[in-house]
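Undergrad: Sequence lines, in order, name chains A and B.
For any residue, its number in the numbering used here is found by taking its place in the first sequence, counting from 1, and adding 39.
For any residue, its number in the numbering used here is found by taking its place in the second sequence, counting from 1, and adding 35.
To be clear, the hints were calculated from the coordinates, so they are not data collected in a lab.
Any given hint might turn out to be false.
Coverage of chain B stretches by chain A, computed from C-beta distances (three or more under 8 Å per stretch; other residues unrestricted) [what the hints assert, rightly or not]:
#, segment
1, 160-170
2, 428-435
3, 677-686
C-beta atoms are modelled at their ideal positions from N, C-alpha and C, and glycine is treated no differently.
Residues per chain, in single letters:
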Amino acid sequence: MQARAIIEAALNVKAKGIDVHPKIMVPLIGVKNEIQMQADIINRVAQEVFTERGETVAYKVGTMIEIPRAALVADQIAQVVDFFSFGTNDLTQMTFGYSRDDAGKFLAIYKNLGILKVDPFQVLDQEGVGQLVEMACRKGRATKPELNLGICGEHGGEPSSVKFCARLGMNYVSCSPYRVPIARLAAAQAAVEAE
Amino acid sequence: MKAIYTFGNGQAEGRADMKDLLGGKGANLAEMNLIGVPVPPGFTITTEICTLYNQKGREAVVEMIKDDVMKSVAHIEKLTGNKFNDPSNPQLVSVRSGAPVSMPGMMDTVLNLGINDAVAETLAQKSGNPRFAWDSYRRFVQMYGDVVLGMKPTNKTDIDPFEAIIEELKEKKGVKFDTELDVDDLKELVKRFKAAVKENTGKDFPTDAYDQLWGAIYAVFDSWNNDRAILYRRMNQIPEEYGTAVNVQAMVYGNMGNNSATGVCFSRDAGTGENLFNGEYLINAQGEDVVAGVRTPQQIMTEGSRRWAKLQGISEEERAAKYPSLEESMPECAKQLVDIQQKLEEHYRDMQDMEFTIQDGKLWLLQTRNGKRTGAAMVKIAMDLLREGAIDEKTVIKRMEPGKLDELLHPVFDKAAVKNAKVMAKGLPASPGAATGQIVFFADDAEEWASRKKKVIMVRLETSPEDLRGMNVAQGILTARGGMTSHAAVVARGMGKCCVSGAGEIKVDYKARTVEMGGKTYNEGDWISINGSTGEVYDGLVATVDADLSGDFAAVMSLAEKYSKMDVYTNADSPRDASVARKLGAHGIGLCRTEHMFFEGDRIKAMREMIIAPDEAARRVALAKLLPLQRGDFEGIFEAMDGYEVTIRLLDPPLQVTVAAVWATPIPRSPRCRPAQSSRLLST
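For reference, chain B alone in the conformation it holds in the complex:
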């Protein structure tokens, strides 16, 4: 069994199609080498070794791969001319996990591994930049302490112990940014960090580079079985035997001074799909700095930079002076990056999400992968690639995540507005969409308010058939009880109406006409907004934008039509539902329920007569009253479905529900045991 695959200097033992063995990251690092993209040399320990590690234990695996690891480190040394664990000519490495599929919860990145006091001194001398050396050192102790030694807080709201030390020091010095700390400050941080490690783990911080390396490798393998990773695998049905690979790579430094930088970029816009290379970078920075939000990242392209400045209300002069694009600050590197991103996109034939570092004016790629994207971007990018001739029609279909189309069908919240919105409660994302309106608690109020052109959101403990009319005119529905198949959820989805169900923390008081959530009491008429795609409930008005069903969406749908061998019908109980579904491509009605039709207006009276009819003759009299009404319902639906099949289901409610709805009497609902006679009653 080959345990390790090396790469570097335009050569690699692995390939892009070896994701199962090398993980996504490792396979793509190998592939980038093969197609001539500059990647720091390194090696990947396979996922099979991870599986063995978990089966046979640490010692057996170390025994097995020890020699290979030493050889692979020598491979890096040969290509860089430096030595790992040698203070006179030190080589540092990064260690990163990489499973075959993206997996949050796994061990993250450790940078600058191999550093200690003596190495830091050498780096300071050799680079002539002591700040760089000690900044790298303090970063390493922090990352190693957090991810390898397990000091990263598990609770999101807890403060990282190392960040706390940094904040303390910055406060003492009266400075705002990490970059304002001088060499002595950084040395002080390293000292305090190590003391924190000793205090927390009871052990001295490891100074030997190989001890550090093995510690990091164990940590990656161990993280495959941490609680978060197990939970994520279970939820996403990722097989446990996949395992994760470990990537060890020569360090390149983005924090070596003002001619160095680090950044992330996308070959197209991941939000809108626009074919616009974009990304962010920071000068004199490393790793997570760009996404950590401590400093303001700058845009890579000048056009993007101008758009950004406009949104931020920053003048062109200020932008150019304080936040120049990479094109402006390092034009050579920017040009090279533009070429590489294009090369990678053409090679992978999909939008790429890339990480890069510039060390002293030289550009290196550290990662590339197919970028995550919104539903809108998914559709636009696939259709653009088809038109560009990069992919064929079948690939377009395979690339779609059907569930994501939902995002395109319903009105959506304006992204900027939702960012600033205050979340008051959270329920189930029962029916996607965005709704904003005034709170009402009862169906008749909803109808009455809507008739006065008011936008309402119905807030209920739960809904029942008599709430239908109210739900129909409401912008959205919020319930305290009920799951994804509750009445409210099913009906709302059918109506294409936004619904959040089962928001258990909200307290609805029908009598006082109030709802309490997030520590605030809302009265009837107060404004709230609900997000049926996330289950979030926001305070007040949040702006929305309409969905657009033409263009690329329509094009993808016609491709689906072309290749599909099975038809799609709709469940629709009214002409309105039927025509909405037709517009969305339904070729018939597979289920038209007739229950709801009996709860409208005068029909309830005839229904009551029928149910309590003492004999068949009396029942027939009552039924005769319903006949013309039903006939009218069906005519409307047949007309809306001209040319297509319409499947009408004969009446089928549990009798106790019908009775409860007809008399609006609360009857405790037993688990559904439905009298089949109810259907026979009416087909006679």
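Pulled out of the complex, with its shape left as it was, chain A reads as follows:
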């Protein structure tokens, strides 16, 4: 239903003269066959709509990388998709084994004791979670050099995390609207600092 709604909506606005670029993103993928099956359904539905309407629109199918297993087998998953979007909230949660909803209770204690320097849900843990992100980028692009890479967790608006993404050569970071200027500036700083 959602794939159909997206493609139909894209065709409708295209008819109005809107320049539309839909990307369909499947969450919570950990196994290649999982995303393969979903991508097949999406592509089939899209073709159905195109046939019904006698009109087409370009679209992309991708997956979130938010389960550690997905990062580990990113080379396989990249065979199926056009883009990766790192869901670093869940990736952090599952890599640390912290429940995001309960972490508030003990993160402050962990910080006071010096176990953690910062809240990993605010500042991307480059040492640990960052390795998974780096590996997935590397493996993904080894399979498919033109693979589009981005991040859409809360970290997308946090300056040090944005700079990390820039260093990994991601295409974009995505963050809540009011953090966009912060991310833009951090991205520019990463570029200037790299010179």
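Guided by the hints, dock chain B onto chain A, whose structure is given.
TA: Leaving out everything else, chain B in the frame of chain A:
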């Protein structure tokens, strides 16, 4: 290893780029000497010595640097013609810490070190100003007792034992200001201070100048490892091996009479960024007097003085008579200071924060550093410097602290208003901004009140998806539970809505429709204000001002655009969010969540049908009802993002949360283990 770097009389062994070794203060004192700014002579013990002190202990380090310290003291003596530890011709010094990065928690300043009874008598005779001599002496005992001997209270609300003695004496004499105490009073203070030290530490106050000096040096090094400093380093990720330097400098006296003064100044306005030299000073004063708030500091420039008087409601006659500017009271020194601040700003190519002292009509600079500033000032100063040709575009980008831009995006509290506001509670600064409104507890009330053009603040224990509509129309959100990634915090940030979360001390009673905080019970409809940038909750209405996104802010953003190699998209679930983000420079949507779309109006019914559908056929019937609604949602977002990519995430909530939201039944939330089928349900 060179342990000590000297400076004075236009020469210096150090330089501005030696901050790691000399600390920020020491490096800049050296640099000021080199560029011809008048600085009292002195020397800097390096940060490496601090590290050795902490590794090898006090004795080993004293053995190592003893001769160098004696030689460096002789360097000061040679330039001033006085003698340290010599009552016939005494030289006093100041001792200050200085780490490579600014570090609150470190030992502060000790002034007038080297004084004792005999020295005070000589100073009184030589200067012909006994009040100056004994005022310096009592200040020294107080500072040394506080910072070196550890008598400064650690609790903010406790009273400094020395201040208590001063207050006692002033009360007895029936006077208001320190300056009204006479020589005998000051002598009495010195006596009582020393007695307090003896009582507190069990030891006599040190009278030998070298004992005093070593005590102060140890105290600086020891302060590197006090609890506050360790905590600050940990929080700001400052390496422990940095260490702090120690700066020892010949004293210049701002308390030598009415031709002497001390002050602090900024080459530009640190609040607004306006290119206006400004600062405050006090005649016949020393050190902390200007910021201590005992006497009313006066403005350095006449223009600033007039602005200040206007805000204070003071007439021009009264201002000129009682609070003249430095330009008016000491025109020669003021002119010199204006030249020096300009020279320093041109040299460092950034706004400078400076400390100075005037001794008997002669101006001395004691410190300069890049000034701390607000987000607005950060942007304006950098762009002004670019236009003036002082810095290039890349430097503008490097100078920005990205997080500070936040301050420019949201409505902000009027500074004067917030100063007078009463803080009732404190939570996490979950989503920046300023909000003021009437308390409501439920989403439907929020909507209903808002439809009657009322400004509301939603106060909740915590929020959930069914509160979205209420949050959307509220000015701000205050929750008792939840952290920086709680539902309320994440959603509020997305909406650009002010939010304070996790204010644990507030007591919310949904049934009685009351919230209790700061010892006061608020009813539905009562006014409060919340500060999403600080986490503070204020009583009643606090005035706000709107953010301005044009001008220098836009200019900085277009520079960022020019140099950035990575794109920035936004997370947006509605056409409104999408167009806000576009205005702020987003080049696409990286995450459009579809969960929220199912909780609106009639959709919940179709959602319920779908979830409880016994078989695929029934599920498809329910889904068919949702299709046109979803299609409409997407069309709106595509239109708002004309020309850009829109990434739509297929449905992805934990099923139990969806069910809970759809039926509004409280279901205990287990740590997220999300059934992946939920997404498959809908993509079929």
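Undergrad: Next step is simple, just say for each hint if it's right about the structure.
TA: How the hints compare with the structure:
no.: 1; hint: 160-170; in the structure: violated (count 0)
no.: 2; hint: 428-435; in the structure: holds (count 4)
no.: 3; hint: 677-686; in the structure: holds (count 10)
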